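K.L.:
Just need the whole structure built from these sequences, with the hints factored in.
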Amino acid sequence: MAGLHKSEFKNPLINWIDTRLPIPSLLQKEYAAFPTPRNFNYFWNFGALAMVALVIMIATGILLAMNYQPNTALAFGSVQHIMRDVNYGWLIRYIHQNGASMFFIVTFVHILRGMYYGSYKAPRELLWMLGVVILLIMMATAFMGYVLPWGQMSYWGATVITNLFSAFPYVGHAIVTWLWGGFSVSNPTLNRFFALHYLLPFVLIAVVFMHVWALHVTGSNNPLGIDPKGPQDTVPFHPYYTMKDSVGICAFLAVWAFLVFFLPNLLGDPNNFIKANPLQTPADIVPEWYFLPFYAMLRSVPNKLGGVCIMFGSILVLFFLPWLDTCKVRSARFRPVFRKLIWVWLAATVALGMVGAHKPLGFWVPLGRICTIYYFFHFLVLLPLLGAIEKTLPLPESISQAVLGRGAGPLPNAATAAPMEKA
Amino acid sequence: MMRVFRSALRALAAGALVALISTAPALAQDDTPPLPNESWSFSGLLGGLDLAAAQRGFWVYYNVCSNCHSMHQLHYRDLAGIGMTPAEIKKIAASVQVPVGLNDQGQPIEGPGTPASQFRSPFPNDTAARAALNGALPPDLSLIVNARDGGADYVYGILTGFVKPPAGFNVPAGKYYNAYFPGHLIAMPPPLQDGAVTYADGTKATVPQMAHDVVTFLYWTANPEAVQREQMGVRVVLFLLLMTGLTYGVKRKLWSHLH
Ligand code: HEM
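So the sequences go chain by chain: U and Z. The first sequence begins at 4 in the numbering used here and counts up one residue at a time. The second sequence begins at 102 in the numbering used here and counts up one residue at a time.
The hints are simulated quantities; they were obtained by calculation from the structure and are not laboratory data. Be aware that one or more of the hints could be misleading.
To be verified - Some residues of chain U that are not near chain Z, with every Cβ distance over 10 Å (derived):
| # | residue |
| --- | --- |
| 1 | 72 |
| 2 | 94 |
| 3 | 180 |
| 4 | 184 |
| 5 | 210 |
| 6 | 221 |
| 7 | 276 |
| 8 | 277 |
| 9 | 286 |
| 10 | 304 |
| 11 | 330 |
| 12 | 340 |
| 13 | 383 |
| 14 | 400 |
| 15 | 407 |
Stated by the list, open to error - Chain U regions said to be covered by chain Z (calculated; three or more residues, Cβ under 8 Å):
| # | stretch |
| --- | --- |
| 16 | 55 to 61 |
| 17 | 76 to 87 |
As the structure is a computational prediction, the values presented were derived from the model and not from experiment. The C-beta atom is built at its ideal place from N, Cα and C for all residues, glycine as well.
P.N.:
Written out as structure tokens, the structure reads:
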């Protein structure tokens, strides 16, 4: 019959399903046999870690939602009810709360990995851009999630950030009123933020799916940034990388658990233990740590609209990175100048994070401005220029030649035969 | 790989330098003394909880602080968490008058509390509290230890920080000088005096003793799960570290024939 899938599975039940709906074959092809460069370092764990984080966030989030009340009069108390009366509610909430930070940590490392090894370059431009979309949706999700417990920082953070839209000429105030569903951050705002906070992670799943799909079309990059030339350069994903990812996942969960059980409020703000009070502004309104560099850029521009544009621009510029970086060599290993400059850029971004955590006074103001300028200078001037003037180092002939000893000719047979047989 | 790490270290060093420069002026311009450094039964990664101190602390809250401060997140039944018996809890709950619904005329009435009652609030609402206290609002104490920078040490500092103002410092009527309160002018009269309560276990009720006890109690009200959490944490983290080691060993073995 036309269309039936020819299944190779021996198990009759799996074979029966696979013939009609070839998910087993798909998994076999994409996750077991999938040829993967043999030379990944542990930085290639972080995509898998981000996926684990997303799954755990959704699982704990659904459990929280069963006991949470999206109402300004009840929200703060309902979170305390979760912490005190719901069985292991404190555990679920602390996993979710610290999970947001863990999710951003691994995602930031994942992005940096891509920047260092040139993973955004052809043919992976679309894969990279889907990643930037994921980052944007994560930020929106985390921002709205932080509003839900309805503490002082929740309320005032939401007020400051939504107010940014009033910077747009003519329509600004109308937009803000529309976002709020009223004339200030209030019950309708909390309600819609809860609805969206529940929705966006599922949108995230869809975008992650496309991200991975794109990855499986182009194949993975690797620390050398050169394409695999044949089976001697790759290993099947399973068991080699399923095993290596497992190491990373266990270590990642250990760090996460350490935060949850021993320092659950390390990354939180004491002000969020105070119920939201529209009549009392906290001394210092500080966003969560993962927003600090962007918040610093916002405040570094003396003009409100300018600040908003720079803040959004700092993420939007990442969409254009594949074309701003004109160098054909991917990995920083073979780019002596870029390899240094990427760390300068990172230092500027980390410094911006510190600027964002302080009142814009004294020495922080010029530091914020210099670093903001440098952030964009790196992308808009240095990268296009480097492509033209940097003298890159010679690339190795192939991955296997580089990892299995200098000048080696063809591979010793034993080294590759075993995995290939399993594949 | 070494290169990556060396450069990462350099970037970190640069960051640390910036952080150092930034803290220097902050320290210079502050006139608040450094927070007291009390030794707490609950501090450290594996702190326990001194239940006797927490129970004495409840006694201080019950006799002193509860005249002004609410504790909305607590129910009398929760006191089992600091080792009180059901009989003791019943007795304490019955000793306060709490709202218990409506009478036949539809008027709200009060009656003795039960273990399921919320801690009695001294005022029906914030406006009533302000009216009684010269316009000042005593914050709810359920989460106060988590809601202030400095945590337990800060709250201890507030309770023991009612010292003589420096010469020339003007303290207006209705305000009190406190070394640790931001701006030093607090609307709370010094709540603790030596002997303000009588402890059943014979402990001498000095101001530092009562402050220590009530802060221990307040740490527990803000983090009732802490002891269970840390005990569980040891097992979970050790298990995950073991799993990390095991998977690493298996991974090494699996990959060994590739190199
Ligand atoms: C992309 C994944 C997610 C991120 C980054 C995220 C982030 C956050 C953050 C930062 C908070 C505030 C934590 C706090 O201070 O308590 C929060 C709270 C919350 N989230 Fe999520 N979340 C995610 C997924 C979900 C999902 C899928 C659900 C429900 C289906 C959910 C439900 C909730 C609820 C009910 C709260 C309020 C309770 C609380 O404050 O702990 N979250 N989230």
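K.L.:
For each hint, tell me whether it holds in the structure or not.
P.N.:
Hints versus structure:
Under the 10 Å C-beta cut-off, the non-interface status given to residue 72 of chain U relative to chain Z holds; the minimum distance is some 15 Å. For residue 94 of chain U, the shortest C-beta to C-beta distance to chain Z comes to about 8 Å, within the 10 Å cut-off, and the non-interface label is violated. For residue 180 of chain U, the non-interface assignment is confirmed: its Cβ lies about 29 Å from the closest Cβ of chain Z, beyond the 10 Å cut-off. Every C-beta of chain Z lies more than 10 Å from that of residue 184 of chain U, the closest at about 26 Å, which supports listing it as non-interface.
A cut-off of 10 Å between C-beta atoms confirms that residue 210 of chain U is not in contact with chain Z; the least separation is 29 Å. No beta-carbon of chain Z comes within 10 Å of the beta-carbon of residue 221 of chain U; the shortest separation is about 24 Å. Against chain Z, the non-interface label of residue 276 of chain U is violated: not every CB pair exceeds 10 Å, the least being about 4 Å. Non-interface call for residue 277 of chain U relative to chain Z: violated, since the shortest CB-CB distance, roughly 5 Å, does not exceed 10 Å.
The claim that residue 286 of chain U is not at the interface with chain Z is violated, since a C-beta of that chain comes within 10 Å of its own (minimum 8 Å). For residue 304 of chain U, the shortest C-beta to C-beta distance to chain Z comes to about 21 Å, beyond the 10 Å cut-off, and the non-interface label holds. Once the 10 Å rule is applied to beta carbons, residue 330 of chain U is consistent with being away from chain Z; the minimum gap is 18 Å. Even its closest Cβ contact with chain Z, about 13 Å, leaves residue 340 of chain U beyond 10 Å, as expected for a residue assigned away from the interface.
At roughly 21 Å, the least C-beta separation between residue 383 of chain U and chain Z is larger than 10 Å, which holds for a residue marked as non-interface. Listed as a non-interface residue, residue 400 of chain U keeps its Cβ farther than 10 Å from every Cβ of chain Z; the least gap is roughly 19 Å. Residue 407 of chain U, annotated as away from the interface, has a beta carbon of chain Z within 10 Å; the closest lies near 7 Å. Chain Z is given as covering the stretch 55 to 61 of chain U, and this is violated because 0 residues of the stretch bring a CB closer than 8 Å to a CB of that chain, at least three being needed.
Judged by the Cβ-Cβ criterion of 8 Å, the stretch 76 to 87 of chain U is covered by chain Z as claimed, because 4 of its residues qualify and three suffice.
Hints 2, 7, 8, 9, 15 and 16 from the list above are not met by this structure, while the remaining hints are.
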